[in-house]
Amino acid sequence: MFGSIGMPELVIILVIALIIFGPRKLPELGRSLGRSLGEFKRASNELRSTLEEEVRLEEQKEQRAKMEAEQASAIEAARTGSPAADVPAADTPETVSRANGTKPA
Numbered sequence: 069m070f071g072s073i074g075m076p077e078l079v080i081i082l083v084i085a086l087i088i089f090g091p092r093k094l095p096e097l098g099r100s101l102g103r104s105l106g107e108f109k110r111a112s113n114e115l116r117s118t119l120e121e122e123v124r125l126e127e128q129k130e131q132r133a134k135m136e137a138e139q140a141s142a143i144e145a146a147r148t149g150s151p152a153a154d155v156p157a158a159d160t161p162e163t164v165s166r167a168n169g170t171k172p173a
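With positions in the sequence shown counted from 1, the corresponding number in the working numbering is that position plus 68.
If you are wondering where the hints come from, they were derived from the structure by calculation, not from laboratory data.
There's no promise every hint is true.
What the hints assert, rightly or not - The list that follows gives simulated cross-link-like pairs (lysine to any residue, SDA-like), each with its CA atoms no further than 25 Å apart:
#: 1; residue 1: LYS134; residue 2: THR148
#: 2; residue 1: LYS134; residue 2: GLU144
#: 3; residue 1: LYS134; residue 2: ARG124
#: 4; residue 1: LYS109; residue 2: LEU78
#: 5; residue 1: LYS93; residue 2: ILE81
#: 6; residue 1: LYS109; residue 2: LYS134
#: 7; residue 1: LYS109; residue 2: LYS129
#: 8; residue 1: LYS129; residue 2: LEU119
#: 9; residue 1: LYS109; residue 2: PRO95
#: 10; residue 1: LYS129; residue 2: GLU144
#: 11; residue 1: LYS134; residue 2: ARG147
#: 12; residue 1: LYS109; residue 2: GLU121
Based on the sequences and whatever the hints tell you, model everything.
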């Protein structure tokens, strides 16, 4: 839990803190330390979730750009009349709705 700090070292630290701060001030210091650690943990969790959200949005942008490029090349291939065998078919609202068994929007 504390790395290389063992039980004897922890007891010595607590005794020194008790001597320095006194029995009345020690519980107050413990509470303020606990609040500070809680705020730090909350802030670090918020930062991590923000970073994960940004990464997720960036991946969605990349996927959207890739899909738009595939659709543009398929449209261009259809205009020129050449077969687009290497380009996968794009999911249009009609094909998606037929696959799901719903009416197209």
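Quick rundown of the hints versus the structure:
1. Only pairs whose Cα atoms come within 25 Å are accepted, and LYS134 paired with THR148 is accepted, the gap being roughly 21 Å.
2. Straight-line distance between C-alpha atoms of LYS134 and GLU144 comes to about 15 Å, which keeps the hinted pair within the 25 Å bound.
3. A C-alpha spacing of about 15 Å is found between LYS134 and ARG124, which places the hinted pair at or below 25 Å, so the restraint holds.
4. For the hint pairing LYS109 with LEU78, the CA-to-CA distance comes to about 23 Å; that is within 25 Å, so the pair holds.
5. For the given pair, LYS93 sits about 16 Å from ILE81 by alpha-carbon distance, which is consistent with the 25 Å threshold.
6. The straight-line distance between the Cα atoms of LYS109 and LYS134 is roughly 38 Å, outside the 25 Å bound, and the hint therefore fails.
7. This hinted pair does not check out: LYS109 and LYS129 have alpha carbons roughly 30 Å apart, beyond 25 Å.
8. Between LYS129 and LEU119 the CA atoms are separated by roughly 15 Å; this keeps the pair inside 25 Å, and the hint holds.
9. For the hint pairing LYS109 with PRO95, the CA-to-CA distance comes to about 21 Å; that is within 25 Å, so the pair holds.
10. The suggested pairing of LYS129 with GLU144 holds, with an alpha-carbon distance near 22 Å, which does not exceed 25 Å.
11. Between LYS134 and ARG147, the direct Cα distance comes to roughly 20 Å. Compliance with the 25 Å bound is thereby established for this hinted pair.
12. Restraint check for LYS109 and GLU121: the C-alpha separation of about 18 Å stays at or below 25 Å, so the hint holds.
Checked against the numbered hints listed earlier, the structure breaks hints 6 and 7; every other hint is satisfied.
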